[in-house]
Structures are given as structure tokens and as C-alpha cells.
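Student: In case you want the letters, here they are:
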Amino acid sequence: MLSNLDQLERLLSFAASRLRDLEDKEAEAVGRYIFSQTMRKASFKRKQVEEFVEAFRQLEAAKQSAEGVSPLKAIIENTRGDWYSQIVSDRKLGLDTAETAYESAIRLATPEAEKEGQSWWRMLYGKREDVMEMMRDHAWLQLGGVRENQAKLARTKSSKIERLRASADAYRQASQGKSEFQQAAAQEGLRRVENELATLEGK
Amino acid sequence: MLASPYGEVAVRRLDWLPLSTASPNAAGASPTLGPPLIIAKLAIARLLGEDGNYEEAHSLVESLVSASEPGYKHYVLYVGAAIQVMKAQRNKDRSAQQQAGLLMKRAREEAVAVGDESAASAFALYETALPLLLGEETAKALEYRVSGLAVIEKVIADARRRGEKRLLGRASLYASLFYVDYPESFSGEDLRRGIDALDETVDLIPAGGLSPDEVVFARLRLGALLYAQGWTRLDSASFERALREFEQLSVMSDPITKDQKTAAILMTIICCRI
Numbered sequence: 000m001l002s003n004l005d006q007l008e009r010l011l012s013f014a015a016s017r018l019r020d021l022e023d024k025e026a027e028a029v030g031r032y033i034f035s036q037t038m039r040k041a042s043f044k045r046k047q048v049e050e051f052v053e054a055f056r057q058l059e060a061a062k063q064s065a066e067g068v069s070p071l072k073a074i075i076e077n078t079r080g081d082w083y084s085q086i087v088s089d090r091k092l093g094l095d096t097a098e099t100a101y102e103s104a105i106r107l108a109t110p111e112a113e114k115e116g117q118s119w120w121r122m123l124y125g126k127r128e129d130v131m132e133m134m135r136d137h138a139w140l141q142l143g144g145v146r147e148n149q150a151k152l153a154r155t156k157s158s159k160i161e162r163l164r165a166s167a168d169a170y171r172q173a174s175q176g177k178s179e180f181q182q183a184a185a186q187e188g189l190r191r192v193e194n195e196l197a198t199l200e201g202k
Numbered sequence: 000m001l002a003s004p005y006g007e008v009a010v011r012r013l014d015w016l017p018l019s020t021a022s023p024n025a026a027g028a029s030p031t032l033g034p035p036l037i038i039a040k041l042a043i044a045r046l047l048g049e050d051g052n053y054e055e056a057h058s059l060v061e062s063l064v065s066a067s068e069p070g071y072k073h074y075v076l077y078v079g080a081a082i083q084v085m086k087a088q089r090n091k092d093r094s095a096q097q098q099a100g101l102l103m104k105r106a107r108e109e110a111v112a113v114g115d116e117s118a119a120s121a122f123a124l125y126e127t128a129l130p131l132l133l134g135e136e137t138a139k140a141l142e143y144r145v146s147g148l149a150v151i152e153k154v155i156a157d158a159r160r161r162g163e164k165r166l167l168g169r170a171s172l173y174a175s176l177f178y179v180d181y182p183e184s185f186s187g188e189d190l191r192r193g194i195d196a197l198d199e200t201v202d203l204i205p206a207g208g209l210s211p212d213e214v215v216f217a218r219l220r221l222g223a224l225l226y227a228q229g230w231t232r233l234d235s236a237s238f239e240r241a242l243r244e245f246e247q248l249s250v251m252s253d254p255i256t257k258d259q260k261t262a263a264i265l266m267t268i269i270c271c272r273i
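Those protein sequences? They're chains F and E, same order as listed.
Just so we're aligned, residue 0 is where the first sequence starts under numbering that gives the first Met the number 0, counting upward by one.
Just so we're aligned, residue 0 is where the second sequence starts under numbering that gives the first Met the number 0, counting upward by one.
No wet-lab data here; the hints were simulated from the structure.
No incorrect hints appear here.
Looking from chain F toward chain E, a few residues come up when the C-beta cut is under 8 Å (computed):
| hint | residue |
| --- | --- |
| 1 | PHE13 |
| 2 | ALA14 |
| 3 | ARG17 |
| 4 | ASP23 |
The following residues of chain F were derived to be distant from chain E, with all beta-carbon distances above 12 Å:
| hint | residue |
| --- | --- |
| 5 | GLY67 |
| 6 | ILE86 |
| 7 | SER157 |
| 8 | GLN172 |
| 9 | ARG191 |
We treat Cβ as the ideally placed atom computed from N, Cα and C, and that holds for glycine.
Please construct the entire structure, taking both the sequences and the accompanying hints into account.
Tutor: Next comes the structure, spelled out in C-alpha cells:
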């Protein structure tokens with residue numbers, strides 16, 4: 000209904016102060032999470048570095064507020080993984096942070112977490128009952144990709160091999176996901192990594 | 000406080016008083032309920048009920064049932080039902096639930112017998128909505144929904160004909176619950192009816208038929224249904240209206256609860272994102 004820029008303006012004027020006033024930390028985390036995503040989208044459109052940085056700040060604040068609410072924290076960690084894995088200014092730091100975030104998402108997104116109440120975090124995914132499964136599957140696939148990229152940054156052959164093996168493990172885990180798309184993507188990743196491993200180990 | 004005229008008596012007109020709310024409201028006092036002594040005793044019974052003294056409240060009402068002049072007995076029975084509702088809600092007391100239903104039925108029949116159409120309509124509305132308001136299992140049945148809606152739609156038509164805005168506002172609020180609270184048979188058409196009913200409720204807020212917390216509930220619910228309609232029809236006008244509703248609620252101070260305000264703030268943010 001609104002353009003992205005209008006959305007941002009409306010959100011900026013509305014959300015910033017009100018989110019500070021919330022006593023309910025889970026609600027605050029959900030608000031900041033949504034706010035961060037809108038801000039990031041708008042920063043791309045407007046090519047505003049400050050807004051891009053602020054989007055990360057809001058996401059980090061959302062993570063802090065989500066402390067103790069496993070499903071919400073899993074969702075936020077998954078998003079952190081996505082965002083940090085795309086950072087180009089400091090590729091290594093970005094990938095390391097993304098790896099930790101995805102690992103955290105996998106640890107948190109348990110079937111038990113799915114049952115943690117019908118609280119504010121549910122507003123993000125409506126009535127879906129497999130949100131944690133979806134998060135876990137996504138995180139495994141992305142973790143495979145992040146480790147594959149880390150292998151490309153590795154300086155020594157041994158650490159490159161170690162990274163590729165870790166990546167293969169993550170892709171194998173991801174290939175057990177329910178979605179066909181996920182399985183195909185994980186198998187493709189695995190094939191790529193195994194080829195590279197074969198080349199490296201064969202030398 | 001108990002002196003005449005009756006407008007001074009701290010009793011709100013009963014037929015649109017929320018069943019679980021005993022708080023007297025002098026502004027809503029009515030001169031139509033009967034002699035001051037009955038009004039005062041009914042007010043005391045409600046206050047006793049609110050304080051959790053259900054037995055005392057019940058005894059007081061019982062003494063009035065037999066002693067009242069016929070023209071007022073239906074109001075006495077209604078208050079008796081309201082006290083049982085309070086007891087049922089606070090103590091999860093099933094026998095109080097059943098008692099409330101029986102008393103409300105008697106109140107309605109008595110109102111019909113004495114020709115008090117307005118009260119009969121209001122009591123029919125409460126009698127019908129009681130299982131839903133008290134969260135009874137029977138309220139989940141489709142038959143309950145169908146028969147309940149027939150009663151409520153008649154109450155709405157009668158209230159509209161008689162120009163009773165406060166009753167109309169409340170009946171529309173209850174109608175919206177019946178239209179949309181049944182996920183297994185939920186349709187776009189039900190959603191539209193639920194929104195229309197709530198639109199009418201919200202339009203009638205100035206008439207004063209709803210308690211302050213019901214006003215917030217109705218507006219939050221309207222926002223939520225508009226948001227749902229936005230997705231069902233991919234309709235930007237519905238999203239925009241939902242956003243306006245949530246935005247206004249999120250800057251409200253009293254009587255909105257913290258949870259309601261938080262929901263309004265989050266829904267505003269979610270609507271902005273669309």
C-alpha cells in the first residue's frame with residue numbers, strides 16, 4: 000500500500016520512541032526485528048549507509064531483547080546469519096559472525112521451541128506450525144554455504160580442506176529437509192564441495 | 000447518593016451493562032428501572048458480587064425476586080444472572096454458568112410477559128452470547144453459531160427499528176464474534192460481515208453502549224479483521240484502514256491495557272511493512 004520509502008518514513012516517526020517504551024521485551028524484539036528489515040530495504044533503495052548501519056543496530060537490539068525466548072531468538076539469529084554472510088567490507092569477520100549466528104539458530108530452533116506459547120513472535124509467521132523446522136533447515140543450508148565461502152578465504156590447504164569437510168556436513172544435514180527446493184540446493188552444494196575436496200585431496 | 004431523582008443513583012442502565020462489570024456508573028443511570036429501593040438493592044447486589052460475596056449478593060437478589068412488583072422482576076433476575084456470570088468467570092464455576100443461563104432465560108421470559116421489548120431483546124442477546132463469553136465447549140458447535148446468529152440478527156433488527164443505539168452497538172459487537180470466530184467454517188463473506196458489524200459498533204461508540212475496555216477490544220478487533228481482509232483480497236484500502244485503527248489505539252492512554260497497547264504498536268509496525 001505504501002512505497003518502501005513511505006513505509007520507512009512512517010515507521011521512523013512511529014516506531015523508534017514507542018519501541019523504547021515497551022515493557023514486554025519479546026514484543027520489543029519483534030518490533031525491532033520488523034523495523035530493522037524495513038530499514039535495510041529502504042537503505043538499499045536510498046543508498047544510505049547510515050540507515051544500513053542502523054538496520055544492523057536494530058537487529059542486534061532485537062537479539063538482545065529476545066533473550067530467553069528461544070523461537071524468536073532463532074528467527075533473529077537466522078536473519079543475522081543472512082545479513083552478515085553478505086558483508087563485503089570485512090569478508091572474514093562477516094562469515095565468522097554468520098557461522099556463529101546460524102549455529103545458534105540451529106541450536107535454538109528445536110521442536111520444543113515451536114511450542115513455546117502463542118506469544119508475540121507468532122505474529123511474524125501467523126498460524127504456521129513448522130516455523131522452527133523451517134528455520135533449522137534454512138540455517139543448515141546457509142551454514143553449508145558460509146563454510147564453503149570460508150574455505151575459499153582459507154590460506155592453507157589443510158584449513159581449506161577442514162572447512163570444506165565442515166561445509167559438506169552442513170549440506171548433508173540440510174539435504175534432509177522437507178522441501179524439495181532445499182534438498183536440491185543442498186545436494187548441489189554437496190556435489191560442488193565434494194568435487195573441490197577431491198581436487199584438493201588428490202593433489 | 001440514593002436520593003431521588005433516580006439519575007443520582009449509582010446504577011447504570013442494566014440492559015447494556017457488560018455482564019461481568021459491576022462498576023456503577025452514575026452517568027448511565029436510568030429512571031426506568033423501578034422504585035429507588037429496588038435500584039439501590041440491585042446496585043448493592045452487584046457491588047457485593049464484584050467483591051466476591053456471591054452468596055450475600057445472591058440472597059439479596061432472591062429476596063427481591065419474590066418481593067418485586069411484576070414490572071421490575073425481569074431486571075432483578077437479570078442482576079441475579081450477572082452475579083452468576085461474575086462467579087463463573089472468576090472461579091471457573093460450571094454450576095454458576097448453568098445458573099446464569101437459567102436466570103437470564105427467566106429474565107427474558109419475564110420481560111416478554113410484561114411487554115418490556117427493549118429488555119427482552121437485551122436479555123435474549125446475553126442469553127445467546129453467554130456460552131461464547133464464558134468459553135463453554137458448546138460455543139464451538141456450528142449449530143450454536145447458526146441459531147445464535149439468528150437471535151442476534153433479530154436483536155439487531157429490533158434495536159435498529161426502535162432506535163436503541165446502545166443495544167445496537169453491543170449486539171453488533173457480539174455478532175462480529177459469531178461471524179468470525181469459527182475457523183473451520185470461516186469465509187471471506189463471514190469476514191466482511193464481521194467487519195460490517197464492527198463498523199457499526201465503532202460508529203455507535205459515542206452512544207455510550209460499550210464499557211471503555213470493550214471500546215478498545217472492538218477497535219483492536221476491527222483492525223485485526225481489516226488486516227485479515229487485506230490479505231484475503233490483497234486490498235490496500237483494508238490495510239490502510241487497519242493501520243489507521245492500530246495507529247490511533249497505539250497512542251491512546253486510558254483505558255487500554257499494556258498488552259492491548261503492545262498489540263496495537265506491533266500491528267502498526269506490521270501494517271507499515273506491507
